[in-house]
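What follows is each chain in one-letter form.
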Amino acid sequence: MIHLLKNAISEGLLNIRRKLGSFLITLLMVSLSFMVFDIFLIISWNLGTALKDEQENVGIEVFLRDNITEVESVILADIISGMEGVRSVYYVSPEEAEAVFRADLPEQADLLTLLGPQFHLPASIQISLHPDYRNSEKVGGLARTISGMDGVEDIVYGKEYLPGLTRAVDILEKLVILAGLVLALSLSLVVANTVRLAVARRALTVQIMSIVGAPGWFVRVPFLGEGLLTGVTGAAGSLLLTMAVSWMLSSSVPHEFLPGKWIMLVLILGASSGAAGSWIGMKSGIPKPRS
Amino acid sequence: MLISFGNVSRFYNDWPALENINLQVQRGEFLVISGPSGAGKTTLFRHIWMGDLPSIGTVEVAGYRSDRIRKSDLHYLRRKLGIVFQDFRLLPERTVFDNVALPLQVAGTSPKAIRRRVFSLLAEMELNHRRGSYPHELSGGEQQRVAIARAMVAHPVILLADEPTGNLDPEVSRMVIDLLIEINRSGTTVILATHDPRQVPAGTARFIYLDRGHLVNPSIWDGYRQL
Ligand SMILES: Nc1ncnc2c1ncn2[C@@H]1O[C@H](COP(=O)(O)OP(=O)(O)OP(=O)(O)O)[C@@H](O)[C@H]1O
Ligand SMILES: [Mg+2]
Numbered sequence: 001m002i003h004l005l006k007n008a009i010s011e012g013l014l015n016i017r018r019k020l021g022s023f024l025i026t027l028l029m030v031s032l033s034f035m036v037f038d039i040f041l042i043i044s045w046n047l048g049t050a051l052k053d054e055q056e057n058v059g060i061e062v063f064l065r066d067n068i069t070e071v072e073s074v075i076l077a078d079i080i081s082g083m084e085g086v087r088s089v090y091y092v093s094p095e096e097a098e099a100v101f102r103a104d105l106p107e108q109a110d111l112l113t114l115l116g117p118q119f120h121l122p123a124s125i126q127i128s129l130h131p132d133y134r135n136s137e138k139v140g141g142l143a144r145t146i147s148g149m150d151g152v153e154d155i156v157y158g159k160e161y162l163p164g165l166t167r168a169v170d171i172l173e174k175l176v177i178l179a180g181l182v183l184a185l186s187l188s189l190v191v192a193n194t195v196r197l198a199v200a201r202r203a204l205t206v207q208i209m210s211i212v213g214a215p216g217w218f219v220r221v222p223f224l225g226e227g228l229l230t231g232v233t234g235a236a237g238s239l240l241l242t243m244a245v246s247w248m249l250s251s252s253v254p255h256e257f258l259p260g261k262w263i264m265l266v267l268i269l270g271a272s273s274g275a276a277g278s279w280i281g282m283k284s285g286i287p288k289p290r291s
Numbered sequence: 001m002l003i004s005f006g007n008v009s010r011f012y013n014d015w016p017a018l019e020n021i022n023l024q025v026q027r028g029e030f031l032v033i034s035g036p037s038g039a040g041k042t043t044l045f046r047h048i049w050m051g052d053l054p055s056i057g058t059v060e061v062a063g064y065r066s067d068r069i070r071k072s073d074l075h076y077l078r079r080k081l082g083i084v085f086q087d088f089r090l091l092p093e094r095t096v097f098d099n100v101a102l103p104l105q106v107a108g109t110s111p112k113a114i115r116r117r118v119f120s121l122l123a124e125m126e127l128n129h130r131r132g133s134y135p136h137e138l139s140g141g142e143q144q145r146v147a148i149a150r151a152m153v154a155h156p157v158i159l160l161a162d163e164p165t166g167n168l169d170p171e172v173s174r175m176v177i178d179l180l181i182e183i184n185r186s187g188t189t190v191i192l193a194t195h196d197p198r199q200v201p202a203g204t205a206r207f208i209y210l211d212r213g214h215l216v217n218p219s220i221w222d223g224y225r226q227l
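Protein sequence lines, in the order shown, are assigned to chains W and S.
Counting along the first sequence from 1, when you hit position 162 you're at 162 in the working numbering, and nothing is skipped either side.
Counting along the second sequence from 1, when you hit position 5 you're at 5 in the working numbering, and nothing is skipped either side.
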């Protein structure tokens with residue numbers, strides 16, 4: 001059994017060595033079409049993480065009336081922190097607001113000086129939300145409730161971009177899945193075609209092997225292996241090419257390369273469409289052994 | 001019974017290539033099948049190695065029945081058979097050694113055992129000096145002897161030879177027929193299809209005749225002149 005498997009594998013390697021040129025061309029073809037997918041993945045990965053970051057930051061900022069005392073503010077913060085969906089609250093006093101302003105915008109710091117000592121920034125309460133409250137509907141509801149409370153002057157949250165944000169992440173994910181499917185299909189067809197050609201070129205060998213008593217799988221393994229190898233090395237090649245491009249662009253367009261999980265996904269997609277392709281190719285290619 | 005055809009018919013698009021064939025072959029027999037071109041000899045052979053199955057009736061070969069055998073078991077039957085064709089069908093990109101070794105390689109025999117068996121068989125058939133050659137470097141007679149070696153390498157129970165001398169000149173043909181007779185003497189059942197049954201000396205074999213898909217009774221058949 002071991003000898004048999006070894007023979008099947010060496011038969012497959014022999015096939016590939018015999019037409020190394022055309023194998024390499026197929027590999028390049030697969031790599032280049034996979035590269036388009038990789039780049040797409042990188043874009044969506046980077047956009048996705050950026051959007052997720054934004055989503056993380058979705059919180060509510062409550063500005064308080066000038067006449068409110070610090071004790072009243074703290075009581076108000078306490079009430080808010082007990083509300084549903086609120087993860088934590090942080091009270092920002094006018095002095096702290098000014099310090100933050102000076103630190104963040106040193107060039108504009110003179111403005112504050114100009115306005116004189118009687119001017120001060122409003123105190124505020126920064127609310128961070130539970131993850132499942134970070135969508136437009138729930139944030140809106142919470143904001144309405146808080147804005148009706150005593151001592152609240154104004155309330156700010158990511159009204160403008162929130163609905164679009166959620167949709168954008170959604171659409172992006174769907175696009176990636178669609179691109180993956182299209183790619184898997186076209187890769188399968190490419191491999192199916194090369195395997196069918198390989199089977200046709202080796203029709204005599206296939207027939208003779210079957211006639212002299214080779215089990216069906218022995219005849220199929222070399223072709224299946226060829227498809228698998230084309231898929232995996234094609235995908236790996238595309239990752240290397242994409243990595244090179246990513247590295248060259250990294251200074252002008254800051255971005256991250258794909259995480260390990262996604263790289264595995266690309267390789268698995270390559271392997272499975274390669275295997276599927278060679279299966280299709282064999283189905284349509286291997287003749288019944290007639291003489 | 002080693003081979004048994006029971007009421008076998010095979011139709012291709014309603015056209016009978018074999019019709020109502022009843023045939024029994026015993027272990028150790030030498031059977032010669034003659035008949036004009038298109039009589040169905042190759043089709044009959046194909047039914048023995050079950051590359052084709054009957055439309056009606058059943059074929060039984062070495063315990064495998066055509067109506068019961070599974071596709072995944074076909075290779076077990078094939079390993080009991082050796083098959084030789086008119087056009088040799090050697091693999092052009094393999095040496096003589098590798099061509100002869102093929103049936104053992106696909107059966108999972110160890111490389112050491114393969115070398116031992118192939119060397120001794122090639123020596124026996126006086127092909128040892130050719131073991132590194134490729135088929136296109138050989139004469140027709142040598143190619144057919146390599147094909148016979150390939151058919152015999154795994155010790156088959158039955159050797160099927162479908163017009164093995166069709167592409168050879170008379171002298172080489174005689175050598176090939178002698179080789180088949182010798183193989184039969186050593187115990188292998190041999191079935192030979194040929195246009196010219198006179199190649200085989202009377203008494204060494206049983207002769208049957210096919211005509212347009214039918215087995216015919218030689219004593220009342222008048223088709224000899226076509227052979
Ligand atoms: N796969 C097939 N499809 C259709 N018709 C076939 C097929 N195989 C054989 N036939 C027909 O069956 C008949 C018998 O063919 P077969 O090859 O068995 O004859 P044969 O006796 O071997 O002839 P020859 O001496 O020329 O080799 C022929 O008419 C042939 O055309
Ligand atoms: Mg024939």
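FYI, nobody ran anything at the bench for these hints, they're computed from the structure.
A portion of the hints provided could be inaccurate.
[What the hints assert, rightly or not] In silico SDA-like pairs for lysine to any residue, Cα to Cα no more than 25 Å straight-line:
#1 W:K6 to S:F119
#2 W:K6 to S:R94
#3 S:K80 to S:S66
#4 W:K138 to W:S73
[Unchecked claim] Covered stretches of chain W, as calculated for chain S (at least 3 residues, CB under 8 Å):
#5 175 to 186
#6 243 to 249
#7 260 to 271
[Stated by the list, open to error] Here are a few chain W residues that sit away from chain S, every Cβ distance over 12 Å (derived from the structure):
#8 L14
#9 A50
#10 T69
#11 Y91
#12 F101
#13 T145
#14 D150
From the three backbone atoms N, C-alpha and C, an ideal C-beta is built for every residue, glycine too.
Hints, verified against the model:
For the hint linking W:K6 to S:F119, the alpha-carbon distance of about 22 Å falls within 25 Å, and the restraint holds. As the CA atoms of W:K6 and S:R94 are separated by approximately 18 Å, the hinted pair is consistent with the 25 Å bound. Proposed proximity of S:K80 and S:S66 is supported: the alpha carbons are some 15 Å apart, at most 25 Å. As the CA atoms of W:K138 and W:S73 are separated by approximately 24 Å, the hinted pair is consistent with the 25 Å bound.
Counting residues of the stretch 175 to 186 of chain W whose CB falls under 8 Å from any CB of chain S gives 0; the rule of at least 3 is not met. A stretch counts as covered by a chain when three or more of its residues have a beta carbon under 8 Å from one of that chain; for the stretch 243 to 249 of chain W and chain S the count is 0, and the coverage is violated. Counting residues of the stretch 260 to 271 of chain W whose C-beta lies closer than 8 Å to any C-beta of chain S gives 0; at least three are required, and the coverage claim is violated. Residue placement check: W:L14 does not keep its beta carbon more than 12 Å from all beta carbons of chain S (closest about 8 Å).
Under the 12 Å C-beta cut-off, the non-interface status given to W:A50 relative to chain S holds; the minimum distance is some 54 Å. Residue placement check: W:T69 keeps its beta carbon more than 12 Å from all beta carbons of chain S (closest about 87 Å). Distance to chain S confirms W:Y91 as a non-interface residue, since its nearest Cβ pair spans about 76 Å, more than 12 Å. Here W:F101 stays apart from chain S, with its beta-carbon at least about 79 Å from theirs, past the 12 Å limit.
Against the 12 Å criterion, W:T145 stays outside the reach of chain S, whose nearest CB is about 70 Å from its own CB. For W:D150, the shortest C-beta to C-beta distance to chain S comes to about 82 Å, beyond the 12 Å cut-off, and the non-interface label holds.
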